[in-house]
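J.: Residue numbers (this note's numbering), protein chains in the order written: chain A, 4 to 343; chain E, 4 to 343; chain S, 4 to 343; chain C, 4 to 343.
Think of the hints as simulated: they come from the structure by calculation, not from any bench. Among these hints, one or two may not hold up.
Where chains are identical, the list cannot tell them apart; a pair therefore holds if satisfied intra-copy or between any two copies.
[Claimed, not checked] Derived pair list, reagent style DSBU-like, types lysine-lysine, alpha-carbon separation capped at 35 Å:
#, residue 1, residue 2
1, Lys92, Lys212
2, Lys7, Lys69
3, Lys172, Lys140
4, Lys258, Lys212
5, Lys212, Lys84
6, Lys140, Lys272
Protein chains: 4
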Amino acid sequence: MKPKINIGLIGLGRLGRNYADYIAYRIPRANLSAISDIAETAMASCAEALNVSKCYKRYEDLIADKEVDAIVIVTSTSTHKLMIIEAAKQGKAIFCEKPLTLSLQEGRAIEQALAQTGAFFQMGFMRRFDRGYAAAKRKIGAGEIGAPVLFKASSRDPYRPSLEYADPKISGGLFTDMGIHDFDLARWFMGEVRSVYSTGGVLAYPEMKAIGDIDNGVTNIVFENGTLGVVDLSRNGVYGYDIRTEILGTAGAIKIGYLRETPILVMAKAGVAHDTVPYFMERFGEAYVAQLRNFVENLLNDQAPAIACADGIAALEISLAAKLSYEENRPVALNEIKSN
Amino acid sequence: MKPKINIGLIGLGRLGRNYADYIAYRIPRANLSAISDIAETAMASCAEALNVSKCYKRYEDLIADKEVDAIVIVTSTSTHKLMIIEAAKQGKAIFCEKPLTLSLQEGRAIEQALAQTGAFFQMGFMRRFDRGYAAAKRKIGAGEIGAPVLFKASSRDPYRPSLEYADPKISGGLFTDMGIHDFDLARWFMGEVRSVYSTGGVLAYPEMKAIGDIDNGVTNIVFENGTLGVVDLSRNGVYGYDIRTEILGTAGAIKIGYLRETPILVMAKAGVAHDTVPYFMERFGEAYVAQLRNFVENLLNDQAPAIACADGIAALEISLAAKLSYEENRPVALNEIKSN
Amino acid sequence: MKPKINIGLIGLGRLGRNYADYIAYRIPRANLSAISDIAETAMASCAEALNVSKCYKRYEDLIADKEVDAIVIVTSTSTHKLMIIEAAKQGKAIFCEKPLTLSLQEGRAIEQALAQTGAFFQMGFMRRFDRGYAAAKRKIGAGEIGAPVLFKASSRDPYRPSLEYADPKISGGLFTDMGIHDFDLARWFMGEVRSVYSTGGVLAYPEMKAIGDIDNGVTNIVFENGTLGVVDLSRNGVYGYDIRTEILGTAGAIKIGYLRETPILVMAKAGVAHDTVPYFMERFGEAYVAQLRNFVENLLNDQAPAIACADGIAALEISLAAKLSYEENRPVALNEIKSN
Amino acid sequence: MKPKINIGLIGLGRLGRNYADYIAYRIPRANLSAISDIAETAMASCAEALNVSKCYKRYEDLIADKEVDAIVIVTSTSTHKLMIIEAAKQGKAIFCEKPLTLSLQEGRAIEQALAQTGAFFQMGFMRRFDRGYAAAKRKIGAGEIGAPVLFKASSRDPYRPSLEYADPKISGGLFTDMGIHDFDLARWFMGEVRSVYSTGGVLAYPEMKAIGDIDNGVTNIVFENGTLGVVDLSRNGVYGYDIRTEILGTAGAIKIGYLRETPILVMAKAGVAHDTVPYFMERFGEAYVAQLRNFVENLLNDQAPAIACADGIAALEISLAAKLSYEENRPVALNEIKSN
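Whole structure, please, built from the sequences with the hints as guidance.
T.: Written as structure tokens, this is what we have:
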């Protein structure tokens, strides 16, 4: 057993910079041995703060570094395919943030490259590593709520992303950018999806129309086993980052989520109030750490990835079906998407 | 101003018997002056308990009673039309429990009779009189959450009704029997509905198949103003009677509902637990009282009914569209239902 | 068995007027047959609203009324002794609001009169009839938290009473006026009290000094069985009427209380907030009804009173000990009070 | 400015071992450069896990190490005095876990040594660094609850400590071992203490009698400014680690604390339940990290310690007064303790 995994991190945006900290400080069995970002100042400041000696402007050079055992990809989605295929060819283990890609064609190309090279690949869907979601999965597996019959999920961002980021050509649009987390959870808790139906609209930020995306959407799901689901997504959860999931079974229900950040309650004439969770780093910071730790442990212990490339593709398929359903105002069967 | 309204109550089933108590004890400006039910023992025991002197086996006789000012109808839905039309002809004020009827044809016949006679008519949708729903309506009206963009409602019964009761020919089926409350709230909070899409299934009680109904359903809504809604209905909220509504706006959100019946928390090694609301009388008992009080006050003060016959028909139209959508697996526009 | 109990109600202040409504409408087996209050306009408006035919300016006349079976006393504390003794002599059943009296001497005189006449007497401590407190008592009796070791209670009024009302010569002062409820609960849950120690101060309303009372106080309790208690009282619970009790046992704990009046949550940028309970009628309205119902049922079924005169005296003894302890800054044994 | 602080950690018990992890991974500006513990296997396994090169069996040798900038002391209380004085003499910065010592004499000897050497010294009271307590302090400072009038704190361990640990000669007994945290918070929120009165008993674990300590205790506090406080302590919070604090002011109140570890709710026929916080590492892990970070930042930025030696002594004085009060069943003024 190798004592530590040398990790090369590509992408030092907001989330990537957090990943750098996590790898440097929170994963005992990992070294942050190299970083790469096209923004040189971001790279330099990260390198100084975390004492990283190797900085590569070109990601290809990082991947080519012989000392690097594993690649962690936190770049914009459009770059994932080339990076994964290159890393797979170089025999590196790979961790890639969601979404895998925005097109099924690219997804299949990635899948093929992984199959051909046998590279270790793990998808990032951090919610599965949140203590709440993990406990819910265990409890449902143990039969605590009987047979699940309904999956409900609600995801609300505290404000809309920048129009540059939200551009559907970059982000995939609401059903992919936000929905893919919930669609992954839907599969994880309930099984494969048979069909979806979506509604949506530009209801809070008229400027979203200019980029061709919506700010609120609701997707009904029928799973292959006949059970039901519904996901509602909103960019205007202005009161806080509000991520809730509920599974109703024949013998009970489980709710996952919370909306109180600081353990205090203020009691005043105006009412009794608590604060809210500001955004995803506050809500899922520990889940990101647990996810990276799991990736490293799987590598060290020759275990299968917790979340595979196929999971990334399957969640994408649902989000594409949800989007198509919204555009054409009709239920869309997953088979229709898969056979494209 | 007449000092008290003499009420004739028709229907002494579970809910009707509660209405009898409410009218007798909780509505200062009302007398329970006559009762009618086909079950004579139920009528006799009610008469004795509440000291009601006039018992009519035939509802027509109660309606014909000159001393009776107003009729309260809590009988099975199929009987509503004849009773309402008869009472309207006799010049009585009328309160009718939901649903008004199961068919639009009947609904229109009722509407016509009311128009011709000018009889005072008020629909029963007690949730609007719950303190939580009423406060939410006020706060939204005052702009506390900005412009509403999403309506979410969840209704769960603690167990399935008897198959006799649940028979869609009697109850109208899940989307009408349970859903009509949520569809009425949807209109009340958001405005008229443009289209719906429903999914559903027999997921908890296989015996429901025999009567041709489902036990779980989800209905997506698009309102005429473009805002969104979703209602999920379940007969297997086995942990308690769980009624929740949430309205998300551009500046905040409001949640209505609770699931704790007794104000205690038990803290033990197994966890921290509270009890749940057993069923609708515990949850909405005070709302029923407030609703009857409102009916009586409207009569005494010559005010318009809080909920009109047209509201009963509009909620029925949504539930019929929801059912049709489920049956044909396609979005259904409300106009399609209305033009039938 | 007599069909209904004819009740004569003495005292139509804020609470008394509510009692009138409860007796008139909420207690099926009771008639409000007579009322008495020194304020004639209050009496007249109550008589009109509730259709009470007998109004007595002098309480002695109400007590002397042959048709009256039972007397309910909701007058100021200083009047209790004479009324109870007179009613006992006239053979009436008696219900008396807390506190029984402000002096042990008076308490013993009442006890003697009741013993001599054999009159039925029930003390009012409505919290015991609250669903939360009743459920806690049952659960503790069933062993759900093991052996109780600590009793904690907190009572907070939303604002200070008028200085006229709060005057210790009238109200008994903070430890009696507010504390007596908690001291009664302390005995009910834990057993008799061995000693107390109190601290207190004028911390929120400097004008309280003028009347010789404090606005905040804390009383430590040691029970005869060695278990512990603590009660904190405040006139400045300005955020709402906040009544909480907690019992810690060797196998768990139970909390009683809540602070949310309306079943809604408002989620806004400022935080997630709910309203609070305005005052005692909102919190304990149903408990008052249940208490009166219990009184009537005990009469009809020849059952012992749920709360006896001795309970009223015992709670008073604790509150007197608490006050003395505060005044002399030393622990006070209950025996010292009892032997006075 | 020195880039990193080299820390020598003394004590690798349960908490000390966590400190080692925190220093190694969570404090970017600190190195764990040396460790010391009398248990050599604990030291060896820690050294291997965290790649610490310097292990000292004798703490004196660690303190003498020229490369070590700062000493963190997490040993049993009886050893604190010698270590602190030695480290002060060697010019090291010092962080010491609570309690500083069990005797005022020792406390004063430490204070004197620090004054003579001018060594930087910071006390450990991690609760002050919890996000809830820190937010409460800020909000109260900003006037959100008006003038504080009542401090309430409750500390419950999920089970009793081993009799060896709990031995008052080692731990100081309940009022010191558990209470010192609450007494420190009391001073922090309300100001200095004038007098205390305590009750207590062996109510859950009879075996505590053998070591001469109690398992439950309640301490009333009067602060120098006349405001009030009460602290209840229990070893039998068997349902979880339950730490709550509440400050009532003239314009509102703040509650700090929570009892839900995992963000899920399970809704079943038995009720709606959440889990509890297992113990202090789960509740205050991040507070410990924040506290160590603060220590390191204070060193790097030449800032005064957040919590001084005098704070350690003042909290000890209150706990000694609380104990004496319990033993002699009388209120004890802090002056009496200080003048000893």
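J.: All hints are to be evaluated individually against the structure, with a verdict given for each.
T.: Hint check:
no.	hint	verdict
1	Lys92 x Lys212	neither (41 Å within a copy, 55 Å between copies)
2	Lys7 x Lys69	both (15 Å within a copy, 30 Å between copies)
3	Lys172 x Lys140	within (34 Å within a copy, 39 Å between copies)
4	Lys258 x Lys212	both (34 Å within a copy, 29 Å between copies)
5	Lys212 x Lys84	within (29 Å within a copy, 48 Å between copies)
6	Lys140 x Lys272	between (41 Å within a copy, 20 Å between copies)
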